[in-house]
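What follows is the residue order along each chain.
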Amino acid sequence: MSDRRWQGYLRADGRKGIRNLVLVVYTVECARHVAHEIANGEDGVHVIGFPGCYDNEYAIRLMLALARHPNVGGVLAVGLGCEYTQPRRIAEIVREAERPAEWFYIQEQGGTRSSIAHGKAMVSNLKVLVQSRARLAPMCWADLTVGAECGGSDATSGLAGNPVVGAFFDRLVDRGGRAIFEETVEMMGLRDVLLARAASPKAALEVAAAYDKAVRYCQSVHQYSVSPGNFAGGLTTIEEKSMGAVAKSGQRPIQGVIRVSQQPAGPGLWLLDSVPDEHFMQFGYTNPNDTEGLMDLLSAGSQILLFITGRGSVIGCPIAPLIKVTGNSQTYARMSEDMDFDAGRVLSGQVTLEQASEELMDLVAKVASGTPSKPEALGHREYFIMYKHQNTPSLEAGCRA
Amino acid sequence: MKRCLQIHPSDNVATLLEDAGAEEAGILGDRRNGTVVLREPVRMGHKVALQNIPKDCPVVKYGVTIGLSLCEIQEGDWVHLQNVRSQVDERSSAFDAVTGSAKDTTYE
Numbered sequence: 000m001s002d003r004r005w006q007g008y009l010r011a012d013g014r015k016g017i018r019n020l021v022l023v024v025y026t027v028e029c030a031r032h033v034a035h036e037i038a039n040g041e042d043g044v045h046v047i048g049f050p051g052c053y054d055n056e057y058a059i060r061l062m063l064a065l066a067r068h069p070n071v072g073g074v075l076a077v078g079l080g081c082e083y084t085q086p087r088r089i090a091e092i093v094r095e096a097e098r099p100a101e102w103f104y105i106q107e108q109g110g111t112r113s114s115i116a117h118g119k120a121m122v123s124n125l126k127v128l129v130q131s132r133a134r135l136a137p138m139c140w141a142d143l144t145v146g147a148e149c150g151g152s153d154a155t156s157g158l159a160g161n162p163v164v165g166a167f168f169d170r171l172v173d174r175g176g177r178a179i180f181e182e183t184v185e186m187m188g189l190r191d192v193l194l195a196r197a198a199s200p201k202a203a204l205e206v207a208a209a210y211d212k213a214v215r216y217c218q219s220v221h222q223y224s225v226s227p228g229n230f231a232g233g234l235t236t237i238e239e240k241s242m243g244a245v246a247k248s249g250q251r252p253i254q255g256v257i258r259v260s261q262q263p264a265g266p267g268l269w270l271l272d273s274v275p276d277e278h279f280m281q282f283g284y285t286n287p288n289d290t291e292g293l294m295d296l297l298s299a300g301s302q303i304l305l306f307i308t309g310r311g312s313v314i315g316c317p318i319a320p321l322i323k324v325t326g327n328s329q330t331y332a333r334m335s336e337d338m339d340f341d342a343g344r345v346l347s348g349q350v351t352l353e354q355a356s357e358e359l360m361d362l363v364a365k366v367a368s369g370t371p372s373k374p375e376a377l378g379h380r381e382y383f384i385m386y387k388h389q390n391t392p393s394l395e396a397g398c399r400a
Numbered sequence: 000m001k002r003c004l005q006i007h008p009s010d011n012v013a014t015l016l017e018d019a020g021a022e023e024a025g026i027l028g029d030r031r032n033g034t035v036v037l038r039e040p041v042r043m044g045h046k047v048a049l050q051n052i053p054k055d056c057p058v059v060k061y062g063v064t065i066g067l068s069l070c071e072i073q074e075g076d077w078v079h080l081q082n083v084r085s086q087v088d089e090r091s092s093a094f095d096a097v098t099g100s101a102k103d104t105t106y107e
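Heads up: the sequence lines are chains A and B, in that order. Following numbering that gives the first Met the number 0, the numbering of the first sequence begins with 0 at its first residue and continues without gaps. Following numbering that gives the first Met the number 0, the numbering of the second sequence begins with 0 at its first residue and continues without gaps.
It is possible that part of the hints are untrue.
Said to hold, decoys possible - Listed next, the in silico SDA-like pairs over lysine to any residue satisfying Cα-Cα at most 20 Å (straight line): (1) K212(A) - A197(A); (2) K102(B) - Q222(A); (3) K54(B) - A96(B); (4) K102(B) - H221(A); (5) K365(A) - N19(A); (6) K365(A) - A136(A); (7) K1(B) - S328(A); (8) K212(A) - V87(B); (9) K126(A) - A96(A); (10) K365(A) - Q6(A); (11) K102(B) - A231(A); (12) K1(B) - L27(B); (13) K102(B) - V220(A); (14) K102(B) - S226(A); (15) K54(B) - T64(B); (16) K365(A) - R3(A); (17) K1(B) - G348(A); (18) K1(B) - Q349(A); (19) K1(B) - Q329(A); (20) K365(A) - D2(A); (21) K1(B) - S347(A); (22) K126(A) - R94(A); (23) K365(A) - D337(A); (24) K212(A) - Q86(B).
Said to hold, decoys possible - To give a feel for the contact side, a few chain B residues facing chain A, derived at Cβ under 7 Å: (25) H45; (26) K60; (27) Y61; (28) I65; (29) H79; (30) L80; (31) S85; (32) V87; (33) F94; (34) T98; (35) G99; (36) S100.
Hint data in this document are derived by calculation from the structure and do not stem from the laboratory. No residue lacks a Cβ here, since even glycine has one placed at the ideal position from N, Cα and C.
Next up, chain A with everything else stripped away, as it sits in the complex (with noise of 0.2 Å):
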């Protein structure tokens, strides 16, 4: 297991694709139409997009992270050409990180039918582009980056769904792979169990201000992550749930806090901020949906994201395969299409928790080696990219920082 090879695509910024995708993207509500079309029957073309029509300095980066993402390798931009997010820079800097690119206003392309051909002529160039430009590498665990987030949890999520991914998680980064766990709401009073796992005093300083910064996030809403659902399913407080979240990071320490559309430095278990900063909180949620939260996983360079579900989610994401794991075998039979790993076995005594772990990680390199997962292959594509603050510069610099 640890000498897995695999094929994958080198980027010019040295990371390594698990696919080769083309990406377009719109950058206003006003053009989605279209670039769905465009994208539409295509194979290998998905579609994200900005519904805002005024800028945002971290939807920009976000939008910039995911069209450099190291599964991309084209671009087409699409605007409507009114809005204030500009699809020429896009493809610009998408051009500058050596990928090829394309863009156009459908305003003066004319209607929404020329528009769609010659969206569709675009990206039928761009897929050409992407083979014949494509370096193949081998790739192992050590250029791997995993993203895990969980949704629609119940009391098996903390049992046997996150701990099985924490289990993994730990085989990867003991393999020299990136690992990134998010969720900082979800890490009520775990202050001390965090700060003891930094790898460093930067690392905990980083980890004591995100952690800060999360509750006061809570305490300025009046609301913490913890819903009706889970109290019904058994957990009592948001500290429980906390835990069983916290459980899919494994146990190997805390390299350091990473935020939106920052790659992690270097190999390891990173923490990852899409908590909204100070001044501007109550300006965007900080994980209205699980979606939302696959986004920030993907902009790190998550080339495969894990999905861990109690009850049961249908969703997948664009750009990277989404897996699904479950902790519930009964969820596993009743959504078997849509679920890829049952974890409930761990609670049922069939399989271990070492065992399960190593079985995932044979799921993971499968995937990573082209094998489509469960919501890939369904075709699920969704994404959600909002108006949000982070790294604001000052009070003045106002809602568009």
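Assemble the complex: chain A is given as a structure, and chain B must be docked to it using the hints.
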């Protein structure tokens, strides 16, 4: 026999792996074997006290304090919102223990 899981040796609660009535349940976990007699029905995913817990004392799961006891809890009791409060979340005691519904929101 129904099963419950004690995750950490210092835990004073275990999580039911299936719905159980007021009956004896086996305790799983690498570090503890034995049984606990449930004093009331406890549903899957919910917790049972493995020992008596005095009022205002830590309720421990995963080896960490997940809340404080609101009253004296006896071994075999169902441990949930009716007898535990969060140390963080000020809304903690405002939810129905069975349905989880918020009781502090006004509908009118």
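Hint-by-hint comparison with the structure:
{"no.": "1", "hint": "K212(A) - A197(A)", "in the structure": "holds (17 Å)"}
{"no.": "2", "hint": "K102(B) - Q222(A)", "in the structure": "holds (14 Å)"}
{"no.": "3", "hint": "K54(B) - A96(B)", "in the structure": "holds (18 Å)"}
{"no.": "4", "hint": "K102(B) - H221(A)", "in the structure": "holds (15 Å)"}
{"no.": "5", "hint": "K365(A) - N19(A)", "in the structure": "holds (16 Å)"}
{"no.": "6", "hint": "K365(A) - A136(A)", "in the structure": "holds (17 Å)"}
{"no.": "7", "hint": "K1(B) - S328(A)", "in the structure": "holds (17 Å)"}
{"no.": "8", "hint": "K212(A) - V87(B)", "in the structure": "holds (14 Å)"}
{"no.": "9", "hint": "K126(A) - A96(A)", "in the structure": "holds (17 Å)"}
{"no.": "10", "hint": "K365(A) - Q6(A)", "in the structure": "holds (11 Å)"}
{"no.": "11", "hint": "K102(B) - A231(A)", "in the structure": "holds (14 Å)"}
{"no.": "12", "hint": "K1(B) - L27(B)", "in the structure": "holds (10 Å)"}
{"no.": "13", "hint": "K102(B) - V220(A)", "in the structure": "holds (18 Å)"}
{"no.": "14", "hint": "K102(B) - S226(A)", "in the structure": "holds (13 Å)"}
{"no.": "15", "hint": "K54(B) - T64(B)", "in the structure": "holds (14 Å)"}
{"no.": "16", "hint": "K365(A) - R3(A)", "in the structure": "holds (10 Å)"}
{"no.": "17", "hint": "K1(B) - G348(A)", "in the structure": "holds (14 Å)"}
{"no.": "18", "hint": "K1(B) - Q349(A)", "in the structure": "holds (17 Å)"}
{"no.": "19", "hint": "K1(B) - Q329(A)", "in the structure": "holds (17 Å)"}
{"no.": "20", "hint": "K365(A) - D2(A)", "in the structure": "holds (14 Å)"}
{"no.": "21", "hint": "K1(B) - S347(A)", "in the structure": "holds (12 Å)"}
{"no.": "22", "hint": "K126(A) - R94(A)", "in the structure": "holds (15 Å)"}
{"no.": "23", "hint": "K365(A) - D337(A)", "in the structure": "holds (17 Å)"}
{"no.": "24", "hint": "K212(A) - Q86(B)", "in the structure": "holds (17 Å)"}
{"no.": "25", "hint": "H45", "in the structure": "holds (4 Å)"}
{"no.": "26", "hint": "K60", "in the structure": "holds (6 Å)"}
{"no.": "27", "hint": "Y61", "in the structure": "holds (4 Å)"}
{"no.": "28", "hint": "I65", "in the structure": "holds (4 Å)"}
{"no.": "29", "hint": "H79", "in the structure": "holds (5 Å)"}
{"no.": "30", "hint": "L80", "in the structure": "holds (6 Å)"}
{"no.": "31", "hint": "S85", "in the structure": "holds (4 Å)"}
{"no.": "32", "hint": "V87", "in the structure": "holds (5 Å)"}
{"no.": "33", "hint": "F94", "in the structure": "holds (5 Å)"}
{"no.": "34", "hint": "T98", "in the structure": "holds (6 Å)"}
{"no.": "35", "hint": "G99", "in the structure": "holds (3 Å)"}
{"no.": "36", "hint": "S100", "in the structure": "holds (5 Å)"}
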